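For chain A, the structure is supplied; the task is to place chain B on it using the hints.
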Amino acid sequence: MTVNKSQLVIQVNNLITHYGSKKILNDVSLEVKKGEIMVIMGGSGSGKSTLLRYMLGLNKPSSGSIRLLGTDITKMSENQLHQMKKKIGVSFQGGALFGSMSVSENIQLPLREHARLDESTMRIMSHMKLEVVNLAGFEDLMPSQLSGGMIKRAALARAIILDPQLLFFDEPSAGLDPVVSAELDELILRLRDAMGMTIVVVTHELESAFKIADKITILDRGDILMCGTVDEVKKSNNERIYNLLHRKPRRDKVDVDEYLQRLTGKSLKNNPVMKTTPGNDS
Amino acid sequence: MKYKIEKIGKGAAGVIEELGYAVMLFIDSVYWLILGRVNKQPVSLQLIFSQAMQIGVTAIPIVIILCFCVGTMLAIQGLETLKPYGAQAQVVTGIAISVTREFASLITGIIVAGRSGSAIAARIGTMKESQEIDALQVMGINPVRYLAAPALLAMLIVMPVLTIVGDLMGLMGGAVYTSYELGMSVSVYMSRSFEVISVYDFLQGIIKSIVFAMLIVIVSVLNGFQVKGGAEGVGLATTRAVVMSISAIVIADMIFTFFLTRI
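In order, the protein sequences belong to chains A and B.
Here this note's numbering is used: the first residue of the first sequence is 8, the next is one more, and so on.
Here this note's numbering is used: the first residue of the second sequence is 107, the next is one more, and so on.
Please keep in mind that the hints were generated in silico from the structure rather than gathered at the bench.
Nothing here was measured: the structure is a model prediction, and the numbers come from that model.
You can take every hint at face value.
Straight-line C-alpha distance at most 16 Å; calculated EDC-like pairs for lysine to aspartate or glutamate:
#1 67(A) <-> 240(B)
#2 93(A) <-> 240(B)
#3 189(B) <-> 287(B)
#4 146(B) <-> 85(A)
#5 255(A) <-> 212(A)
#6 222(A) <-> 238(A)
#7 93(A) <-> 170(A)
#8 146(B) <-> 120(A)
#9 29(A) <-> 230(A)
Computed beta-carbon distance windows for the label pairs:
#10 65(A) <-> 140(B): 23 to 29 Å
#11 335(B) <-> 76(A): 34 to 40 Å
#12 79(A) <-> 316(B): 40 to 46 Å
#13 353(B) <-> 76(A): 45 to 51 Å
#14 123(A) <-> 291(B): 55 to 61 Å
#15 164(B) <-> 20(A): 50 to 56 Å
#16 23(A) <-> 127(B): 22 to 28 Å
For glycine and all other residues, C-beta sits at the position ideal for the given N, C-alpha and C.
Okay, chain A solo, but in the shape it has when bound (with noise of 0.2 Å):
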């Protein structure tokens, strides 16, 4: 099936990168249309969120292409990535608020720097996204004030401030109790049908992620496991995602000479990659 050009919104293609000598990501290839909801799955370490910070453009690959809403940003200039990033909202794991802020101050910082609006305009605009994620009433709350899911919603609320195309949602679910994480993910399905965004979702959770996706993408150590429908990806008879479906602990087999070189540190060239960069995987 071919997909008109236009329809893309994201196009990954054979994106490979390094962290130091550490090859992460291994010649990736993805695909993400309009009014699309993706998932990207994957273990802790399979460079899921190390795919995530290249397509926010927070790192050069080391090779291979990344075009968001037609354009290469890996060969932007400054100024193109900064007009690119009003089309873009971001929605980190730990909520990224700026701790010197209230939620309304934090939420109106896009609007402020991108937007020459007068303050009550500004206020009602946060009111009203403040709304769209159920948190009204909180506006002059500092976000060390707030619980786990408020901090999300508030960072998503901020997300979406400038009305974004593309959306990306790290994590949406982590640390959150079950209510509030089902109420996350009803709200990534409102944005969607209700705005038309395109929505990448960044979890390892499954049952968020088989709610919510149109498409699911299974990373796994830096290579794209499979990329299908809900449907697809649940009959796979790939053992590792069959694994990762069942939570079913890996049972690598071990090769031996391999095992001795790493226990005696000599000669690790051909090492398989491991981990992603540290910090961002829980």
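Just chain B, lined up with the frame of chain A:
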């Protein structure tokens, strides 16, 4: 042996890399201060103002106290050393020149490095650890424009002002002690001091304070941006920022004094 040489080599490369980074950071900050408005991404006046308040206004009491103490100390030592020559009255000249040329800017620099250098490094470091810097970047807000440039401009405005406060308090400290010891009135002491101090002496202190301001901001911002390793990393970066900026201030002071006294 090979391992040691490798380690030295890596260390040297690290130092050069850091120096290069510092220079880039400075150029970038100045770029945003001058051309930000043209590019429709101005450095926020509100941020500059709040930084100036934090760095400058809140530091005034401690600058007053410490510079007063230094002035008094110079008077005590000066009178003591000049006594055998019966030239105690000359203490006025000594204090006036050493305070304006040297001590006011140096003490102010050390105070500001300790207070605000650590605060800047800790703030940026914490922001980096909690992905707030990433958040700024994906919002299309350049972190240097948002975090470094306001601090730099605020510091450039505030340091000379604090140094002038320090000048006055240093002289005052000298005056109070001398009037007590020699029976010279404070007003006579002050007017004699102002006769002795030339514009050049005064400017020497001000120029130094501007250099110190740049050093403190760049060193602190640099250490903040380089944080890794959680809360412990933030602590290390904060300590490093203070130690490095005070060292930079003292070394720069020596170099400047050497050249400025030769003009």
